[in-house]
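For this one, chain F is given, so just place chain X on it according to the hints.
Protein chains: 2
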Amino acid sequence: MANLREISVSAALNLLSAFAFLVAFAILRLQPINDRVYFPKWYLKGARSSPSRSGPSVNKFVNLDWRTYVRFLNWMPAALRMPEPELIDHAGLDSVVYIRIYLLGLKIIVPLAVLAFLVLVPVNWTGDTLEDIKNLTFSDIDKLSISNVPDGSKRFWAHIVMSYVFALWTFYVLYVEYKAVAAMRLKYLASEIRCPDQFTVLVRNIPPDSDESVSEHIEHFFRVNHPDFYLTHQAVYNANKLAKLVEKKKSLQNWYTYYLNKYERTSKSPTTRTGFCGLFGNKVDAIDYYSSEIQKLSEAEASEREKVLSDPKAIVPAAFVSFKSRWSAAVCAQTQLSHDPTIWLTEWAPEPRDVYWSNLTIPYFDLTIRRLLMAVALFFLIFFFMIPIAFVQSLANIDGIEKVFPFLRRLIEKESVKSVIQGFLPGIILKIFLIILPTILMIMSKIEGFPSISSLDRRSAGKYHLFLLVNVFLGSIITGAAFQQLNIFLHQPPTEIPKTVGVSIPMKATFFITYIMVDGWAGVAAEILRLVPLIIFHLKNTFLVKTEQDREEAMDPGCLNFATYEPRIQLYFLLGLVYSAVTPVLLPFIIIFFAFAYVVFRHQVINVYDQKYESGGSFWPDVHQRLIIGILISQLLLMGLLSEKNIEKSTIALIPLPIMTIWFHVYCKGRFESAFVRFPLQDAMIKDTLERATEPNLNLKDYLKDAYIHPVFKGRVYFESPQMVSDEESNTLVMTTRIGKQCAESSSTNSS
Amino acid sequence: MANLREISVSAALNLLSAFAFLVAFAILRLQPINDRVYFPKWYLKGARSSPSRSGPSVNKFVNLDWRTYVRFLNWMPAALRMPEPELIDHAGLDSVVYIRIYLLGLKIIVPLAVLAFLVLVPVNWTGDTLEDIKNLTFSDIDKLSISNVPDGSKRFWAHIVMSYVFALWTFYVLYVEYKAVAAMRLKYLASEIRCPDQFTVLVRNIPPDSDESVSEHIEHFFRVNHPDFYLTHQAVYNANKLAKLVEKKKSLQNWYTYYLNKYERTSKSPTTRTGFCGLFGNKVDAIDYYSSEIQKLSEAEASEREKVLSDPKAIVPAAFVSFKSRWSAAVCAQTQLSHDPTIWLTEWAPEPRDVYWSNLTIPYFDLTIRRLLMAVALFFLIFFFMIPIAFVQSLANIDGIEKVFPFLRRLIEKESVKSVIQGFLPGIILKIFLIILPTILMIMSKIEGFPSISSLDRRSAGKYHLFLLVNVFLGSIITGAAFQQLNIFLHQPPTEIPKTVGVSIPMKATFFITYIMVDGWAGVAAEILRLVPLIIFHLKNTFLVKTEQDREEAMDPGCLNFATYEPRIQLYFLLGLVYSAVTPVLLPFIIIFFAFAYVVFRHQVINVYDQKYESGGSFWPDVHQRLIIGILISQLLLMGLLSEKNIEKSTIALIPLPIMTIWFHVYCKGRFESAFVRFPLQDAMIKDTLERATEPNLNLKDYLKDAYIHPVFKGRVYFESPQMVSDEESNTLVMTTRIGKQCAESSSTNSS
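Line order of the protein sequences matches chains F and X. So that you can map any letter, position 498 of the first sequence is 498 in UniProt numbering, and since no number is skipped, the others follow by simple counting. So that you can map any letter, position 148 of the second sequence is 148 in UniProt numbering, and since no number is skipped, the others follow by simple counting.
Check before you lean on any hint, since a few could be wrong.
The list makes no distinction among identical chains, and a pair is therefore deemed to hold if it is satisfied within one copy or across any two copies.
[What the hints assert, rightly or not] Using 20 Å as the maximum straight-line C-alpha spacing, the simulated SDA-like pairs for lysine to any residue come out as follows: (1) K324 - M685; (2) K324 - V224; (3) K154 - L654; (4) K45 - P557; (5) K649 - P494; (6) K45 - F171.
If you are wondering where the hints come from, they were derived from the structure by calculation, not from laboratory data.
Just chain F, same shape as in the assembly (with noise of 0.2 Å):
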């Protein structure tokens, strides 16, 4: 265990190359070659066009004035200065709320941290345990944590009556925090301007009908159980090989772009070859060969779409139905149509540009089977990952690299090289599959079978918060493999089970505030520079773009990535919670990481991500609930922790505690989550007469005609062919983009 000198060298070094980090930034950022890349969202929004400084040429690329460097840390106030409804309007709803998190854990860990060291930190100080064994190892830091008050003692009645403190503090939070939430996203549906999808109502499951099409079948099902307010809809085609000849077509052109920009430059003629990656295969001309290709394919894609479009079988049993009311599209979307509840389901139609297309056709006794697959799966993937990793470990070993890559074996059996591989090679592998884990949860959670990509989000980051929760949180306090801990957990008694992981928590401060300072501070740090797309979009710049518009298209401001970032955040509010009655010392750092983070997001939410879809902050249950299963844990793990001091007698008076945070939950859930899921009607009534009123003559059918359907649908003249490319052309190409992007607009033009 580390002492506090070597945790404050330890903070020092991680503050300084996160200190690095911001310097990297602060210079980065200033450079106008670097400005689509930090400030991407500026251009979506069309504030900018261009980088903004004038000047001589040289100016357009790097930035030569001095003073802009001396305040290279004024991005921060910047970032906080922007109010929070104008952040809304900025933003979206679903970043300001996600934002708010990194605020709540501010908001609940410093009323801790100042009550733990003005309370917790004396009594555990004047404890003296640990003066008293001379023989045992022991740092400074465990002087202020709850292991140095003898067993036995009086003293820890402090700490129970503080974790009554505690989580009565944090349920106050947690209510304000949701209930603040809940008007947030009331609010915002009820200012919100026209949208297609508060008319209609995504039905899925549509039984056949053997005298009616499935459009027909949709239209009379309708007009007789709805009369008064069935409007119109919208079949859902089976696009899925369109989409992929599309998406290939897309990626042939870049190519087509790269070696026609290399001619222009070399004035060569540029070859490629016809196999796998043209590696192999015979020498063509790289842009005879490519227009050729792209000329099959646009082909192709013209027959397909004709087909998809003719076909009555590429009508999937799904629709879009859309209603002349909100109200009565919140009615159809909240109650049952047939008798049978697998067919006709209706739910809220998401965004149109958060619908997943592919899981729309699902039938119901196969979505239980892959729910039930997916969660067996998701089971060995949290407790028996290492078995696979270990296998592929054990493969990739210097010969087996010599078996594959003969070419290789000159340079790998240098002595120094061949160290240096059989040392980082096992933790590489680990790593990839770490990073490549968001991606395999995001599968699973595709297999599931939800229709819009919000719900997919917040499905896997269910399942990556599990997956944290059980191999990192109690991966480090009791380690060995999962499945160890798994068979550990099975033959003990479940009152042991707290009692093992809460002993071990003391001794583990240490290791979490390291845990903190590299994964927290460096992390959030390496998120403002954005190493990787400033790589990629250097990269485009360089090869693919032709047009100030091909820029536009190489800036990719990507967006927050919840189902990753939220319950990585949600590991730091577990240790904030558990730590806080342990082992105070730890709350600071978190609080820093919590600060810097807030900071950091705000910016990049306001600079930088463009979201995907707006889901109006309905991820907050989810996250209120994994900060309820912290909040328990952290509950049952001091108890565990207690009822090994010999004062088991007083453990009891724990016992009311975790009772209190399930019904804590159970309360919020009655009270807030309905605002989540439903929709009322009294609030679809007030905007329904409002509309009314103030557009009378609305065309709510011609509004709606083309908001659903697919997106290789929209814009049919996307991309004819390579010779035909004009700047014309390609401004529909944006503009179809932005379709996507800005629902709300492109649909009111179509209106008007």
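This is chain X only, laid out in the frame that chain F set:
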């Protein structure tokens, strides 16, 4: 452990006692004087108005026709003869679905028994472990059970395979049954005649409004938010005090009638005392006294009635809101009205006679607190109920009784009486507790605040099921009080618990066989004899009956007590499932129980019981869920048992079983549960359209006007003063009681 011969003797004895009950029943039911005890249903239906046989006057009381006694079991085929659709008309869907539970028992257990006897019994019989160990006592039954298979034998594969076959068969039967019940319910709802609850929604937690009365507020709110559909509403009065007065008056009136009868018979003016129970206080003329008391109460009641009706504060923030069509009521019941989900809560209105009036006004926060408290209370009741019982038992010894009732001293101090008291008293106290337990659980459910009697019954059944599971099933297998078991379970690994319980399972087979015979067989036979209602009817008949209508009142048909009976059936299911793979010899006993109970309850439903409400079989999801719990327990216990047999590796083959079970439950829940919770719009629309076509001039508002008024306001001329009792008057009295029972009929007369 008993051997086969002892079990046979016990079975014969129990069969004999059941037979004696049946003979007693056969004799008693044929006496015309008991006709109203054994055939009350037909009186309520109006099919009989007096015992059917005519002839000399003695025949009115005793049946002298010897031929009828010979065919003393002919009620059995008669009970089976009525076809199911007719039975639904006759007794309601609840009763029909309830007796299907017994039939379901046969459908599951009979094939299990056949298979087990064909496969497992030979495998066990030839296992020969117990022959080898000569010095151990073993019984013939154990030779047929799994205990006879040697440890580590390959024969256990037979048990593993059979447990899969059993599970699959059970799933199949449960699925078909759930489907059938759901279809019955939907058909019942679709074919049902017009009922007020089809058009009505119960709205609770109406927020206070400073400008409007509750009634105005409701009307305005619904006129705005359901503009095209709102029809009318019925405010709920806080008439709890008035109901108490009415109750009290009725009891006084009984005493009045009693003394009047006494006076008529003896021509001597009876006296009573004014104090507690007529035991203390001044002696007065009884008739005068009660007549004046009733007069006083009538005045108090009238003024209270006036007060409730005129005082705006007597209107509670809950109401029954009626709509113009079933479709719109279904919409309102399933959607959320306000964005605050704790106000304007809507749900399907229960039937008028199903409403539990006192629970309509509990605020949302109180509800969650009440449920938390009751959950904690239930935990203590289940695990620690023995502690207060033991305390009472320690008080209720000879000395205690002498202190409280000194006049009993001479009797008690006789040696023989003393030993009897000391021997039986503790058992009697426990028995009394077990008899009042369902009442305690019902009170707990009432505190939880459910608004309908049917939901209270379902909640109580759930609690009772847990109690039986822990204290009867586990309590019999692991001897020791429940809190000792809890202690054991808390200090054992989760994998050890099924082992501990599992290995005791085979040893308890003979105990459970005896239990089935004593509690099951004899219990069912006692059920049909109706000893308590028989005695009470004859007491009332002697002392309180003046007119034929009074006699009808004295008749107490009772009703199927779902909250008590159903959890007991679950115990037999559990025993059948647990022992099917372990000791198949137990199964025939369960089959006899199910078959016998099926016939008896079918008879009771046809001839005796009159349901208090009709919920359309809405308890089936609970029954299904508890059966799933039984299957899970049986599977876990089998795993525990086998893992102790040195074949741990093949035990792993059982792990998919509980996962399959849970998935099956989730699937069935999604597939069928909504039929019991929601009302599909399609069905509502069909009924509405049909009604509009057949009865275009129906005045629905008139029809619904008085449907949901508190029972004390029904039939205002309830009982004005004892002097005015006339045939006509008491006719209204019976009519009003009928209104409560037959909502549909009386309401449809209202509407004409």
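Hints versus structure:
| no. | hint | verdict |
| --- | --- | --- |
| 1 | K324 - M685 | both (12 Å within a copy, 19 Å between copies) |
| 2 | K324 - V224 | both (15 Å within a copy, 17 Å between copies) |
| 3 | K154 - L654 | within (15 Å within a copy, 49 Å between copies) |
| 4 | K45 - P557 | within (12 Å within a copy, 76 Å between copies) |
| 5 | K649 - P494 | within (18 Å within a copy, 24 Å between copies) |
| 6 | K45 - F171 | neither (39 Å within a copy, 58 Å between copies) |
Of the numbered hints given earlier, the model fails hint 6 alone.
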